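Colleague: Okay, here's what each chain looks like letter by letter:
Protein chains: 2
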Amino acid sequence: MRVDKLGEFGLIERFKRFIKLDSSVIQGAGDDCAVIKYTKDKYLLFTCDMLVEGVDFTSDENPYLIGRKSVAVSISDIAACAGLPKFCLVSLGLPKKTPVEFMDKFFKGTLDMLKRFKINLVGGDLSRAHKLTIDVSMLGVVEKRYLVLRKGAKVGDIIFVTGKLGGSIYGKHLRFVPRIKEARFLTKNFKIHSLIDISDGLAQDLGHILRESKCGAVIYEEAIPLDKAAKGIKDALYQGEDFELLFTLSRSEARRLWQKAKNKFIPIGEIIASKWGFRLIKKDGTRIMLKPKGFVHF
Amino acid sequence: MRVDKLGEFGLIERFKRFIKLDSSVIQGAGDDCAVIKYTKDKYLLFTCDMLVEGVDFTSDENPYLIGRKSVAVSISDIAACAGLPKFCLVSLGLPKKTPVEFMDKFFKGTLDMLKRFKINLVGGDLSRAHKLTIDVSMLGVVEKRYLVLRKGAKVGDIIFVTGKLGGSIYGKHLRFVPRIKEARFLTKNFKIHSLIDISDGLAQDLGHILRESKCGAVIYEEAIPLDKAAKGIKDALYQGEDFELLFTLSRSEARRLWQKAKNKFIPIGEIIASKWGFRLIKKDGTRIMLKPKGFVHF
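Sequences listed follow chains A and B, in order. Each residue of the first sequence is one higher than the last, beginning at 1 in this note's numbering. Each residue of the second sequence is one higher than the last, beginning at 1 in this note's numbering.
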């Protein structure tokens, strides 16, 4: 059997069951970051993301933007755990013929994004490769009281997103700003129950929250904020690479959030009992059952 | 200009000068691990290594051994800072056609090596790629008093290695055991001045110590322990992938080490003033000046 028959998540599940963790690990594989014991009141967050030419970007893309994206996706993972990014390593697999000028621009994009979030680039690795391959690993910290994972959603929670969805692959995926500020504002001021970043599409990523929290959800097409680049609701549901945050909180907290930051965060639906499944109410009032699918690598 | 004209180290130097670090970083890029402030008496160690099919291993290699090596090289980096490895992430770029059975064996090799050193595999990333690409990032800890870097060698120090060199590319590079135990024994019991793992070859890696410590060295061909797979002294000097440790300590500490652990660690030469350069005394007594060259990716 080939890996593409088993699928990305099938492969991950196949591996995960063999992994044993000791008590220093609060959260292993299966959330946006690993969460590790650190100090009395803080956790370490640890995450990595690999970008490959021809898969996550094309070779004729602006190298500055590729460099920028390569660290932004990991910063977004730290945001999805409500932490602050601190240190990163960049591993590069480079084709021999890569122009040095390309790498200069790539590196400028990387450093500008790191500087914006006060992240230390503390090292990396350089290898020869057939296609430009970038793997970034990032360390962050989060106060224990601010950490939010995928698994805390509760029936009755309101589901919010931090911005417009869909069509990111036409450009925004290279230019997005990771939602660190928003995540910190939310967890400092509200009781957030669950949190994830939308990297694989709304259906897939809300699906992760539902599976981890053992809940269902109903979302409303007319409430979902579409990016102007999106061609329709399907782009928001399945395309991915939006890198907006999705979070849930109780109805009373949602009301308070709405009063404090009207229109900054957009309610798109509600958490319901798992027996009701994962539903989309279309603009015409009809109901369709969603599958938690989206962008997968295989 | 292409990156292969600038060279691996040229490219790293080109990038490094733009990196700004804050006071939480004890050591950034340029040693085996980054060293980061942690607790009152400990530092965090942070390192990553990328392995690419066709560069670091061939596709017909035993997948168990590829999995094993992919984490062993990072464990060796932690050993080279005298720390203990604790947590790791594995990013995989997989060709679609990779057999699941290949990945099962790969993963078994990875987990067996991690288990041996009590390391938690806390997550990773999976991407499609043209060639199998593995990037491992590892977090370790080291007591402040045990940390040893490349830069502490002193004139008069004796240079030791932990084992046989050369010919590793004929097999040992897939089977080596990272020298964690040896590094811990050394730093707990002796005042070690400088430490590195030999990944690019004796000439290159001792060269790193000389550059960072602003020293020269004289090494003796007849003292350098050759692996039986090595075809000659050049394999030890320039081939790399031995993953033995090289360290220096004062003459009196070296004497004490020799008394306590005779033959376990092999003296191969001496640190001298930088004006005398980097010398090899051949078996016939002739002297040649060495260049700190070895395996480079470009």
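Everything labelled a hint here was simulated from the structure, so no lab data went into it. Fair warning: this is a prediction, and the values are worked out from it, not measured in the lab. One or more hints might be untrue.
DSS-like, lysine-lysine: derived pairs with alpha carbons at most 25 Å apart [claimed, not checked]:
1. B:LYS144 / A:LYS293
2. B:LYS262 / A:LYS5
3. A:LYS42 / B:LYS144
4. B:LYS228 / B:LYS131
5. B:LYS97 / A:LYS293
6. B:LYS42 / A:LYS37
7. A:LYS16 / B:LYS131
8. B:LYS20 / B:LYS42
9. A:LYS118 / B:LYS42
10. B:LYS37 / B:LYS164
11. A:LYS181 / B:LYS164
12. B:LYS228 / A:LYS96
13. B:LYS181 / B:LYS37
Colleague: With reference to the structure, classify each hint as holding or not holding.
Modeller: Taking the hints in turn, this is what the structure says about them:
Between B:LYS144 and A:LYS293 the CA atoms are separated by roughly 47 Å; this puts the pair beyond 25 Å, and the hint is violated. Of the supplied pair hints, the one linking B:LYS262 and A:LYS5 is violated, its CA atoms being roughly 55 Å apart against a limit of 25 Å. In summary, the hint linking A:LYS42 to B:LYS144 is supported, as the alpha carbons are separated by about 21 Å, within the 25 Å threshold. Taking the CA atoms of B:LYS228 and B:LYS131, the gap is about 32 Å. The hint is violated against a cut of 25 Å.
Distance hint between B:LYS97 and A:LYS293 is fulfilled; the C-alpha atoms sit about 22 Å from each other, no more than 25 Å. For the hint linking B:LYS42 to A:LYS37, the alpha-carbon distance of about 14 Å falls within 25 Å, and the restraint holds. This hinted pair checks out: A:LYS16 and B:LYS131 have alpha carbons roughly 23 Å apart, not beyond 25 Å. Restraint check for B:LYS20 and B:LYS42: satisfied, since their Cα atoms lie roughly 23 Å apart, inside the 25 Å limit.
The hinted pair formed by A:LYS118 and B:LYS42 meets the criterion: a straight-line CA distance of about 23 Å does not exceed 25 Å. For the suggested pair B:LYS37 and B:LYS164, the alpha carbons sit about 35 Å apart, so the restraint of at most 25 Å is broken. Distance check on the hinted pair: A:LYS181 and B:LYS164 sit about 53 Å apart at the alpha-carbon level, beyond 25 Å; violated. Proposed proximity of B:LYS228 and A:LYS96 is contradicted: the alpha carbons are some 33 Å apart, above 25 Å.
With a C-alpha separation of about 23 Å, the suggested pairing of B:LYS181 with B:LYS37 holds against the 25 Å cut-off.
Of the numbered hints listed earlier, those contradicted by the structure are 1, 2, 4, 10, 11 and 12.
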